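Protein chains: 4
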Amino acid sequence: MSQTPDRISIAILGASGYTGIELLRLLGMHPNAGIRTLTADRHAGKDLVEIFPHVRPLRLPQLVKIDEVDWSGHDLVFCCLPHATTQEVISELPRHLKVVDLSADFRLADIEVYAKWYGHEHRAPELQKEAVYGLTEHAREEVRRARLVANPGCYPTTVQLPLIPLLQAGAVATDGIVVDAKSGVTGAGRSMREDLLFAEVHDGIHAYGVGKHRHTPEIEQGLARAAGREVRISFTPHLMPMNRGILATTYVGLAGGATAHDLREQLAKRYADEPFVHVLPFGEVPATRHVRGTNHCFIGVAADNPPGRAILVSATDNLVKGASGQAIQNMNVMLGLPETTGLGLIATYP
Amino acid sequence: MSQTPDRISIAILGASGYTGIELLRLLGMHPNAGIRTLTADRHAGKDLVEIFPHVRPLRLPQLVKIDEVDWSGHDLVFCCLPHATTQEVISELPRHLKVVDLSADFRLADIEVYAKWYGHEHRAPELQKEAVYGLTEHAREEVRRARLVANPGCYPTTVQLPLIPLLQAGAVATDGIVVDAKSGVTGAGRSMREDLLFAEVHDGIHAYGVGKHRHTPEIEQGLARAAGREVRISFTPHLMPMNRGILATTYVGLAGGATAHDLREQLAKRYADEPFVHVLPFGEVPATRHVRGTNHCFIGVAADNPPGRAILVSATDNLVKGASGQAIQNMNVMLGLPETTGLGLIATYP
Amino acid sequence: MSQTPDRISIAILGASGYTGIELLRLLGMHPNAGIRTLTADRHAGKDLVEIFPHVRPLRLPQLVKIDEVDWSGHDLVFCCLPHATTQEVISELPRHLKVVDLSADFRLADIEVYAKWYGHEHRAPELQKEAVYGLTEHAREEVRRARLVANPGCYPTTVQLPLIPLLQAGAVATDGIVVDAKSGVTGAGRSMREDLLFAEVHDGIHAYGVGKHRHTPEIEQGLARAAGREVRISFTPHLMPMNRGILATTYVGLAGGATAHDLREQLAKRYADEPFVHVLPFGEVPATRHVRGTNHCFIGVAADNPPGRAILVSATDNLVKGASGQAIQNMNVMLGLPETTGLGLIATYP
Amino acid sequence: MSQTPDRISIAILGASGYTGIELLRLLGMHPNAGIRTLTADRHAGKDLVEIFPHVRPLRLPQLVKIDEVDWSGHDLVFCCLPHATTQEVISELPRHLKVVDLSADFRLADIEVYAKWYGHEHRAPELQKEAVYGLTEHAREEVRRARLVANPGCYPTTVQLPLIPLLQAGAVATDGIVVDAKSGVTGAGRSMREDLLFAEVHDGIHAYGVGKHRHTPEIEQGLARAAGREVRISFTPHLMPMNRGILATTYVGLAGGATAHDLREQLAKRYADEPFVHVLPFGEVPATRHVRGTNHCFIGVAADNPPGRAILVSATDNLVKGASGQAIQNMNVMLGLPETTGLGLIATYP
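Residue numbers (this note's numbering), protein chains in the order written: chain H, 1 to 350; chain U, 1 to 350; chain B, 1 to 350; chain V, 1 to 350.
Hints listed in this document are in silico derivations from the structure and should not be mistaken for laboratory results.
Predicted, not measured: the structure shown is a model, and the values here were computed from it.
Yeah, the Cβ is synthetic: ideal placement off N, Cα and C, and Gly gets one too.
One or more hints might be untrue.
Here are the simulated DSSO-like cross-link-like pairs (lysine-lysine), alpha carbons at most 30 Å apart as the crow flies [what the hints assert, rightly or not]:
1) H:K46 with B:K65
2) H:K269 with U:K65
3) U:K212 with V:K46
4) H:K212 with U:K269
5) V:K129 with V:K98
6) V:K116 with V:K98
Have a look at the derived ranges for each label pair, beta carbon to beta carbon [stated by the list, open to error]:
7) U:A109 with V:G209: 19 to 25 Å
8) H:Q168 with V:S72: 46 to 52 Å
9) H:K269 with V:D47: 19 to 25 Å
10) U:E50 with V:R140: 45 to 51 Å
11) H:F282 with V:R145: 52 to 58 Å
12) B:A272 with U:P125: 50 to 56 Å
13) V:E194 with U:K65: 38 to 44 Å
14) H:A255 with U:A224: 23 to 29 Å
15) B:A224 with U:K65: 25 to 31 Å
16) B:G170 with U:Q62: 37 to 43 Å
17) B:R229 with V:T340: 49 to 55 Å
18) V:A255 with B:A224: 24 to 30 Å
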């Protein structure tokens, strides 16, 4: 990490989780980032290397508790705390801090929808009004002016990038959208759960949260904004034996006279100047390994077997474009840096 | 393998592929099966243990070429040859042999559909008329009387088992069916292809054959028979980093006033007496690892997020219920043995 | 599971762990085994299918607590409880029961060695005197007469099978033996530990217990008996991203004028009539996948690069020959059944 | 890739293999590197993205044949060609080019040893005399002055880094060294071999080249230089189901009165100022995943069970410190750039 005078002084809240250490990996390539504070309440007083030996090559501050931090001198906070604990923590941060929140706590604009899907009242409704939903490619101006960015979820990022432009153009039907998504295990964080043990995940696949996964309203919110009307989707996530990556296979009906080729052309045009979104030649589809470890989203479009239908396949790394990478992308925008700073990597392949 | 006087004298054509050795594993538990002949043209003269060291504990005949076999004294042939080579081979077998063909060559009743999807004329149209499509649970009587059984494909088995009873009952809509399937690598056989190298499959997922996989017409044929009308489906297979297993996530519209719960009840009733098909409690969905190494199919049903829709999830082992296991199940039926003989295993878990 | 009048009435203590369900899988192929009782104190009152959905095809008794069991009518107990809890439990079982204990609690004949490596006094020293160490191929007569068999550990089984005959013959040096072992995750049981989460095991390898793993004294005990003198070994286990399997690579100095070829010949001769131990052609080495899911041990011998040294490579499935399979093999011997009953499977490959 | 006037003009020969694309990934973070030429004879005329879709975000020159390249204007060549083809290719390159060769063709100083292990005469014996063996930490000055650097093999790098300082200090015995190494599949390159298919590697492990792997003489050469006398080692590589990474577990006898703790201290002191070699606290051992995707080598030291012996465990990423990363490290040294330029990444974890 460079020590240039124009460096940004950063705190990471919840540094002992997977999104926290992924921020460290990526910020290590960012010439303007300086890590000033790492918090991890449960591990306060330790060095992060005791928990994650792979950070040994870095020089890092010791882990502290959140309420021990002196916030003066900090510029920006990445909040990597669990869902449902974040609203209160961010409410208490000084307002000179810019905040990128990687939890789900500020992603749903409608606090009643939040209450319905998360099972409790929103704890910072005023702050919610201020929060900007940070799907960067579709909110660049709002992010630029934001103090608090709600970083999108991994599934919602992967699903919205191909669908938003098509719904905006009226090229796909708003009903009957089916999203079948497959994710690596890090999407669940570093949770002590029997169903995340190696032997219970390896060499198999299963669906979870069928018909009721909490990312559903977040996706529907974005699609509704794009379509200008309510959108209800089928969305089934699956847990796969891989560390990182999301593949979303999305089945749509064509609308407005569009062909499957047209969908590909509209996406290619929309994302032609985007550094992180890449539309493949028609009929070619991406693999998660093409974006492993990167901030890129690859999108493929193909014709479907029944007439009048098409298939969109999009791939991201859930810890990068789906979490820490997009958080840095948003930081870059919020602070007026070139958007790709520190995010230039191509995939670790194989 | 028992040497009882009532043993069945068996030949396996194409014994050096994955379905061939899976037959050997399963027949090793079958008290009536005797392996008399193993063919593998490319490896004729070798012992199978030179190719597959794990068969060392078995006493097996040496590999021979097909045209070297003296067919007298054989009762039944399992044909594990590649697609498109099988029609001619089976045409030339003596007619006293019962045949279970694990290739795709006799699965499509309409030879014009075959020609369209496989790119060449059918080479044994007379034999095609005789072939019985052996999805055992739905063709038991035909299989009992058959001489030539076309063993269903792995995807078609996994997709048809949940859908056929529901289409027969008119409980799901015939249009808008979306099948998103995920398979382990053995579905592709032991093929020398760069995209099947470990490093190209591990830790990732991708779709293939998007909108045009050859199992589509086979599935549509079975669904059309059940529905009594043409059915066109969206079907996307994905290649996953696991050895065995297929998970099919199927999205359907409800019809005829049925609820998602009704679908579950209808399936439970239909399969109550079936030893290999198990319907889970409502809302519970299977994992491929629950059927790993077994002839079982597990089926789950859940309500979907948009009203009027449901999700079916079915899991099989592509090498067992999706190939060699169902082939033995069909053999048992053809020869009047108890249908579960040799197929009693539960999953190798973990 | 057959219901023959000559069936054995079996209880499994600790049925909700990996060795417990592996016993169920294997006993499902055993014509004389009847499962009468399953205990799991934490889950008493549940059906096992609630914990392990893959057992759905079986008809099983409900889980009960150990102290609720009426032991009359039981013939044999498999004890799959955690290390250090077992000595007391077995002490309290009625003495008409035959017991195969899969824990480490009765494996070390010297209770002082036990106390040193396990950190507490032995809690059933009288019972220890009665216990027979059940490495079947090397203790068949003692097992036949035993009431209590201490089933060997997975590493000790895999390491002792190649070394015991060679030490007995004086063909390898007793000092400088280096055993480098690699194991799948199920060797650690179904433990809730962060280092067993999928993301922490996948796509990597590490050593553990370096220089001090608890299986060391168990191996040294067996080697000392074979050599007739104390043996100290280097033994390093490694945790690998696979579900099952142990590969032990053992480096030895030649002794008594033996060549590496001689080692292979001596092992081949010693194990010629053993149904579960297979010695490969000289220079050929096994893979864990050749024995996956089976009770077999494959052994290879090769010359080493420095003169006067050889390499032994042995492979087992840690849950079968390294645990539940050998336990059933011992049961068969204890009860006078053919030793291979229910254990005829070859590998699930791939 | 920056286009600064002080950029280095680079050619990669054999760009369509795994070390070639890994160079592209790493050079993408190098501020002074400019990719001018990519060769791949078999794919000449294509864009690399047709072979490796993940390079889509990069702007790269089209693939050409080696003999089509105009070498004027090039500064440095990375040669990623297969073993045995490289000696002739490099012989014909203009001498103004600096060359880092990633093959094995120039690693053995003694061309008779080369002929013995590689089965043919050396084809460029004059060039061999000029070649510098580029284990950077132990050859920095020679590399600085070199025109042709033979980049070390992946196993040799991982094994020599812990052993060289200890042999130089006389702290470990020169005989009886046992190296048990475990590697991910990319060590074998992108070869079309049945034993590298996913289903043949997944969920298992096996040893290969037992007693005779070609990296043995390369390791022995380096150890002999350090010890000042001949060294013969036991070296067994194993193929593991992971994409990247090598773990070497090395068993040594203590010498010169050293304890296991002393070994750790000597290594810590020797590597205290090295940016890429990290010695862990005594008794702690590394995992390959701690260095995944990085140029780091982590080393752990522990006491062994038999007195007078110790265990060294070292971990690298075979494609980075074991190949393309060390190649760039050598390039940096050859061209007078800061040695860590472009190599600052910590592990992609998980």
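Comparing the hints with the structure gives:
1. Taking the CA atoms of K46 of chain H and K65 of chain B, the gap is about 42 Å. The hint is violated against a cut of 30 Å.
2. Of the supplied pair hints, the one linking K269 of chain H and K65 of chain U is violated, its CA atoms being roughly 57 Å apart against a limit of 30 Å.
3. Taking the CA atoms of K212 of chain U and K46 of chain V, the gap is near 27 Å; set against the 30 Å cutoff, the hint holds.
4. Taken as a hint, the K212 of chain H and K269 of chain U pair is honoured in the structure, with Cα atoms around 26 Å apart against an allowance of 30 Å.
5. Between K129 of chain V and K98 of chain V, the direct Cα distance comes to roughly 15 Å. Compliance with the 30 Å bound is thereby established for this hinted pair.
6. Annotation: proposed proximity of K116 of chain V to K98 of chain V holds, straight-line Cα distance about 29 Å (limit 30 Å).
7. For the hinted restraint 19 to 25 Å between A109 of chain U and G209 of chain V, the CB-CB distance of approximately 52 Å leaves it violated.
8. About 51 Å separates the C-beta atoms of Q168 of chain H and S72 of chain V, a value consistent with the hinted range of 46 to 52 Å.
9. Distance hint for K269 of chain H and D47 of chain V: a CB-CB separation of about 21 Å, consistent with the stated range 19 to 25 Å.
10. One distance hint, 45 to 51 Å for the beta-carbon pair E50 of chain U and R140 of chain V, holds here, with the actual separation near 49 Å.
11. F282 of chain H and R145 of chain V have their C-beta atoms about 53 Å apart, which keeps the hinted 52 to 58 Å range intact.
12. Range check, A272 of chain B to P125 of chain U: about 54 Å between beta-carbon atoms, so the 50 to 56 Å window is met.
13. At roughly 21 Å, the beta-carbon separation of E194 of chain V and K65 of chain U lies outside the given 38 to 44 Å, and the hint is violated.
14. Restraint check, A255 of chain H to A224 of chain U: a C-beta distance of roughly 27 Å satisfies the suggested window 23 to 29 Å.
15. Between A224 of chain B and K65 of chain U the Cβ separation comes to about 54 Å, which falls outside the hinted range of 25 to 31 Å.
16. Hint check: G170 of chain B to Q62 of chain U, Cβ distance near 39 Å, so the stated range 37 to 43 Å holds.
17. Judged by the Cβ atoms, the range 49 to 55 Å given for R229 of chain B and T340 of chain V holds: they are separated by roughly 53 Å.
18. For A255 of chain V and A224 of chain B, the hinted distance range of 24 to 30 Å is satisfied, since their beta carbons lie about 27 Å from each other.
Hint violations for this structure: numbers 1, 2, 7, 13 and 15, all remaining hints satisfied.
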